[in-house]
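What follows is each chain in one-letter form.
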Amino acid sequence: DVKVTQSSRYLVKRTGEKVFLECVQDMDHENMFWYRQDPGLGLRLIYFSYDVKMKEKGDIPEGYSVSREKKERFSLILESASTNQTSMYLCATQPSEAFFGQGTRLTVV
Amino acid sequence: QKEVEQDPGPLSVPEGAIVSLNCTYSNSAFQYFMWYRQYSRKGPELLMYTYSSGNKEDGRFTAQVDKSSKYISLFIRDSQPSDSATYLCAMSDSNSGYALNFGKGTSLLVTP
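Chains as they are written, first to last, in the numbering used here: chain G, 590 to 698; chain A, -3 to 108.
There's no promise every hint is true.
Stated by the list, open to error - Listed next, with one range per pair, are the computed distances between beta-carbon atoms:
| hint | chain 1 | residue 1 | chain 2 | residue 2 | range |
| --- | --- | --- | --- | --- | --- |
| 1 | A | 3 | G | 633 | 14 to 22 Å |
| 2 | A | 5 | G | 694 | 41 to 49 Å |
| 3 | A | 89 | G | 615 | 35 to 43 Å |
| 4 | A | 36 | G | 649 | 18 to 26 Å |
| 5 | A | 69 | G | 645 | 18 to 26 Å |
| 6 | A | 14 | G | 666 | 43 to 51 Å |
| 7 | G | 668 | A | 73 | 20 to 28 Å |
| 8 | A | 48 | G | 594 | 17 to 25 Å |
Claimed, not checked - Below, a list of computed lysine to aspartate or glutamate pairs in the EDC-like style, where the Cα atoms sit at most 16 Å apart:
| hint | chain 1 | residue 1 | chain 2 | residue 2 |
| --- | --- | --- | --- | --- |
| 9 | A | 100 | G | 619 |
| 10 | A | 66 | A | 89 |
| 11 | A | 38 | G | 627 |
| 12 | G | 660 | G | 619 |
| 13 | G | 602 | G | 668 |
| 14 | G | 592 | A | 89 |
For the record, the hints were derived by calculation from the structure and aren't laboratory data. By construction, the Cβ of each residue, glycine as well, lies at the ideal position given by its N, Cα and C atoms.
Let the hints inform the model, and build the full structure from the sequences given.
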């Protein structure tokens, strides 16, 4: 079975903090994705990566950056957290279908 | 027009009923179709994955794809209270690097 592990289930951060969300997959997949999920808005793509050190902007990249130094690890960075970034963050890896991590519920206060 | 449309529900059915969940889409290039189940406060879990048109069955679940109508369905037979969750459809095409396009999800409640 594919395993996608996100470093935290729940996080509470203060406005202005730099926040790191980590994601690790164990299946040697090239493609990795970060989404956020909000009620009424569904899943929205933030960033994705097809290879090490490669990144592409998704639909809502503003306020975020990513890092992919190793194939198995894809990190999402909130440069200066704001309250409108309170959300459920989901990492996924996919050959063609996506396999998701358990999600990180981030609250920015 | 959004690329993938899905009725958000909520849909409430009695235990044992047959459930039908649907999505429509506008992009005729979509080739890969998926259904995910998401329990509250958890990540989506892949239920069904189909390529192109046709039916696929797995236990109580059947996925149907009608590319001519741009319409996909998920049927759940003998529904159980444990099926209560949000169901998301997703689709992609190889030209876009497999980036998934999601519906917003349908909330299903199966009552005992």
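Each hint tested on the structure:
1. 3(A) with 633(G): 14 to 22 Å: Holds, since residue 3(A) and residue 633(G) (Cβ atoms, about 19 Å apart) stay within the stated range.
2. 5(A) with 694(G): 41 to 49 Å: Violated, since residue 5(A) and residue 694(G) (Cβ atoms, about 22 Å apart) do not stay within the stated range.
3. 89(A) with 615(G): 35 to 43 Å: 27 Å, violated
4. 36(A) with 649(G): 18 to 26 Å: 23 Å, holds
5. 69(A) with 645(G): 18 to 26 Å: Check failed, 32 Å falls outside 18 to 26 Å.
6. 14(A) with 666(G): 43 to 51 Å: Since the Cβ atoms of residue 14(A) and residue 666(G) sit about 46 Å apart, the hinted range of 43 to 51 Å holds.
7. 668(G) with 73(A): 20 to 28 Å: The hinted range 20 to 28 Å is violated for residue 668(G) and residue 73(A), with Cβ atoms some 48 Å apart.
8. 48(A) with 594(G): 17 to 25 Å: Cβ of residue 48(A) to Cβ of residue 594(G): about 32 Å, so the range 17 to 25 Å is violated.
9. 100(A) with 619(G): With Cα atoms ~26 Å apart, residue 100(A) and residue 619(G) exceed 16 Å; violated.
10. 66(A) with 89(A): Satisfied, since the Cα-Cα distance of roughly 14 Å is no more than 16 Å.
11. 38(A) with 627(G): 13 Å, holds
12. 660(G) with 619(G): 7 Å, holds
13. 602(G) with 668(G): Holds, because 12 Å separates the two Cα atoms, which is no more than 16 Å.
14. 592(G) with 89(A): 24 Å, violated
Going through the hint list in order, the structure does not satisfy hints 2, 3, 5, 7, 8, 9 and 14.
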